[in-house]
Structures are given as C-alpha cells and as structure tokens.
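Participant: Here is how the chains run, residue by residue.
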Amino acid sequence: KAGVTQTPRYLIKTRGQQVTLSCSPISGHRSVSWYQQTPGQGLQFLFEYFSETQRNKGNFPGRFSGRQFSNSRSEMNVSTLELGDSALYLCASSLRGFDTEAFFGQGTRLTVV
Amino acid sequence: AQSVTQLDSHVSVSEGTPVLLRCNYSSSYSPSLFWYVQHPNKGLQLLLKYTSAATLVKGINGFEAEFKKSETSFHLTKPSAHMSDAAEYFCVVSDLDYGQNFVFGPGTRLSVLP
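Note that the protein sequences, when read in sequence, are chains A and B. Last residue of the first sequence: 94 in my numbering, with the numbers rising by one and none dropped. Last residue of the second sequence: 121 in my numbering, with the numbers rising by one and none dropped.
Please note that a few of the clues may not be correct.
[As the list claims (entries may be wrong)] Here are the simulated DSS-like cross-link-like pairs (lysine-lysine), alpha carbons at most 25 Å apart as the crow flies:
#1 B:Lys56 / B:Lys75
#2 A:Lys(-6) / B:Lys49
#3 B:Lys56 / A:Lys38
#4 B:Lys75 / B:Lys65
[Unchecked claim] Calculated Cβ distances over 12 Å to all of chain A for the following chain B residues:
#5 Glu71
#6 Ser87
#7 Met90
Hints listed in this document are in silico derivations from the structure and should not be mistaken for laboratory results. Here the structure is a predicted model, which is why all the values come from computation and not from measurement. C-beta atoms are modelled at their ideal positions from N, C-alpha and C, and glycine is treated no differently.
Whenever a hint applies, use it, and build me the whole structure from the sequences.
Facilitator: Put into structure tokens, the structure is as follows:
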C-alpha cells in the first residue's frame, strides 16, 4: 500500500512569489491535513479537508489556502511568500480524521529567500 | 483550548536502560492522545494512540503509554532503549468531535548512548 506522497520534496522561492504544494493521500483516505514545522514554532496545524470541504482551520493568515479534489488529493497554496514561511510542510491522511490513525508524508521543505 | 506540554526538551539514556518521556495535556473534552516519532529527515510515524479504551496503551517497537485523567498525563515509556530509538518524539492531542486538528507538543529529543 503506497504511503502519503508529497511533491515536490524541496522548493526554493523568492519573497513575494506564490507556491503550490501537493499531497496524495493513501488510497481510501478521505481526510487530508496540513501542518507547518519550524524550529521556532514547532508543528502547527494549518487546515484539514474532508470530502473536498475544509473542515477545520488553524490560526494562519489568509495567504495560506488549500483545496481537495474528488480523488482526495490535496494542494496547499501560499501567496506573497515571506521569509518566515520557510518551513517543512507536512501532509497527513487518515480515513476520517479525529481518532483514526494519521499517516504523514515526508514533507516539502520550502525555503524562501 | 487544547495544549500539550512535554516536560523535557532533551532526554539522554544509555542503551538497555528504561526510557521515560513525559507529556501533560490540557483539553476541554475527552481527548484522543497520540505519540509520534520523527527520525532525522523523515516524516512522522505513529507510535501509539489512546482513544478512551484501555488506559494502558501498547505501541510499536516496545513503547507503552498510560493515560491518567486525574493527572492529565500521557507519559511514554520503554523498558530498554535501543540505539535506533534516538529521534524526536511528539505528544499530540486531538479533541474535536469530528475532523482532525492535532495539537503537537514541542517535542522531546531522545539520545541513546552506547
């Protein structure tokens, strides 16, 4: 069974640009969540999608957005990049969220210069 | 609001000795609790989870955790550390009635000395 796949693995972008990250969940999983990991703030929840609808949202500015497609694949977009957006972005998939096991991808390392 | 405190940012043990990683949580509801491990340059892997069934939870690789509601704790233990256990460990709480909104602790880095 294939795991959670995140692409690309590494990205370098310039301040002010926008970026799109992709996450393919495990087959059959309908919940996809996104997290930001930085040395200073640790792991923080961005948002969760379930059946193409955003079900939960963390405390991030509107520059961070996402969507989920009918095949459960998800994308997150960050517009007007800032240096502080440099982080490891992790995607997790689960059957239905909450108390079901979440499987994490290896992440996308975004560097903003 | 939920929160998680991991009492030690770094724990160092000798190979073959017990491991104790401490976690306290704050939650408005009956939470689900998890421990995840992150090896360098790898994603997060679930060690174990508590979801209101047995209070003593067994996980992978010999790890266990005990849920103590009165102490709001969910400490992770292992009887005998192995070199391969060296990693970052995260305690996680989730207490929504639906959906996933993991709140991660700051992490504890476990070093295992030969």
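Participant: Please go over all the hints and tell whether each is borne out by the structure.
Facilitator: Hint check:
1. B:Lys56 / B:Lys75: With a Cα-Cα distance of about 14 Å, the restraint between Lys56 (chain B) and Lys75 (chain B) holds, given a limit of 25 Å.
2. A:Lys(-6) / B:Lys49: 22 Å, holds
3. B:Lys56 / A:Lys38: 23 Å, holds
4. B:Lys75 / B:Lys65: Distance of about 15 Å is within 25 Å: holds.
5. Glu71: Fine: 17 Å to the nearest Cβ keeps Glu71 (chain B) off the interface.
6. Ser87: Given that every Cβ of chain A is farther than 12 Å from that of Ser87 (chain B), nearest at about 26 Å, it holds.
7. Met90: Answer for Met90 (chain B): holds, closest chain A Cβ roughly 22 Å.
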